[in-house]
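Under full-length UniProt numbering, the sequence shown has 83 at position 83, and the numbering climbs by one with no breaks.
If you're looking for bench data, these hints aren't it; they were derived computationally from the structure.
The model shown is predicted, which means the values in this text are computed figures rather than measured ones.
It is possible that some hints are incorrect.
[To be verified] SDA-like cross-link-like pairs, simulated, lysine to any residue; straight-line CA separation at most 25 Å:
1. Lys20 <-> Ser36
2. Lys86 <-> Asn73
3. Lys40 <-> Asp54
4. Lys46 <-> Ser30
5. Lys40 <-> Ser30
6. Lys59 <-> Val49
7. Lys46 <-> Lys64
8. Lys50 <-> Val74
9. Lys59 <-> Ala80
10. Lys86 <-> Tyr72
11. Lys64 <-> Lys40
12. Lys46 <-> Glu57
13. Lys59 <-> Val74
14. Lys59 <-> Glu34
15. Lys64 <-> Gln43
16. Lys50 <-> Thr68
17. Lys32 <-> Gln43
18. Lys40 <-> Ser52
[To be verified] Just the calculated beta-carbon pair ranges, DEER-fashion:
19. Phe33 <-> Ser69: 55 to 61 Å
20. Ser90 <-> Val60: 41 to 47 Å
21. Lys40 <-> Tyr87: 25 to 31 Å
22. Ser36 <-> Arg56: 28 to 34 Å
23. Ala39 <-> Ser69: 35 to 41 Å
24. Val74 <-> Lys40: 39 to 45 Å
25. Lys86 <-> Lys64: 21 to 27 Å
Yeah, the Cβ is synthetic: ideal placement off N, Cα and C, and Gly gets one too.
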Amino acid sequence: MRIDALNQVSQLYQTSKPKKVLKNKENDTSDKFEISQSAKDYQTAKAAVKTSSDIREDKVAELKEAVTSGTYNVSAAEIADKMVGKYFDSIF
């Protein structure tokens, strides 16, 4: 085996040094994000619900007045319908 032939072969397989790449300002990209319109709508609705009261004061006052005056009546059929509906909702 000839040594000078080995040198010629090794020169064929040598990797070239990496070239420096100049940064081009046009190719400089940055990450960005956008919030979809449905997400914006959701945020608006969530904020509106957060500011509203859990208790509807007008409805409570109306029911209190009906109970104290004796005009608040609920039929037995309505109560039975609600009870049966709740029962079947819990089964299925």
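Now the hints, each set against the structure:
1. Lys20 <-> Ser36: Answer violated: Lys20 to Ser36 is near 40 Å, above 25 Å.
2. Lys86 <-> Asn73: 21 Å, holds
3. Lys40 <-> Asp54: 23 Å, holds
4. Lys46 <-> Ser30: Violated, at about 31 Å.
5. Lys40 <-> Ser30: This hinted pair holds, its Cα atoms lying about 23 Å apart.
6. Lys59 <-> Val49: 18 Å, holds
7. Lys46 <-> Lys64: 30 Å, violated
8. Lys50 <-> Val74: 32 Å, violated
9. Lys59 <-> Ala80: The hint holds at about 23 Å.
10. Lys86 <-> Tyr72: 23 Å, holds
11. Lys64 <-> Lys40: At roughly 39 Å apart (the allowed maximum being 25 Å), Lys40 and Lys64 break the hint.
12. Lys46 <-> Glu57: Holds, at roughly 21 Å.
13. Lys59 <-> Val74: OK: Lys59 and Val74 at ~16 Å, within 25 Å.
14. Lys59 <-> Glu34: 41 Å, violated
15. Lys64 <-> Gln43: The hint is violated at about 35 Å.
16. Lys50 <-> Thr68: 32 Å, violated
17. Lys32 <-> Gln43: 20 Å, holds
18. Lys40 <-> Ser52: Between Lys40 and Ser52 the Cα gap is close to 19 Å, so the pair holds against 25 Å.
19. Phe33 <-> Ser69: 55 to 61 Å: Distance hint for Phe33, Ser69 holds at roughly 58 Å.
20. Ser90 <-> Val60: 41 to 47 Å: 27 Å, violated
21. Lys40 <-> Tyr87: 25 to 31 Å: Since the Cβ atoms of Lys40 and Tyr87 sit about 41 Å apart, the hinted range of 25 to 31 Å is violated.
22. Ser36 <-> Arg56: 28 to 34 Å: 32 Å, holds
23. Ala39 <-> Ser69: 35 to 41 Å: 48 Å, violated
24. Val74 <-> Lys40: 39 to 45 Å: Given a distance of about 43 Å, which is inside 39 to 45 Å, the answer is holds.
25. Lys86 <-> Lys64: 21 to 27 Å: 25 Å, holds
Of the numbered hints stated above, those contradicted by the structure are hints 1, 4, 7, 8, 11, 14, 15, 16, 20, 21, 23, listed in ascending order.
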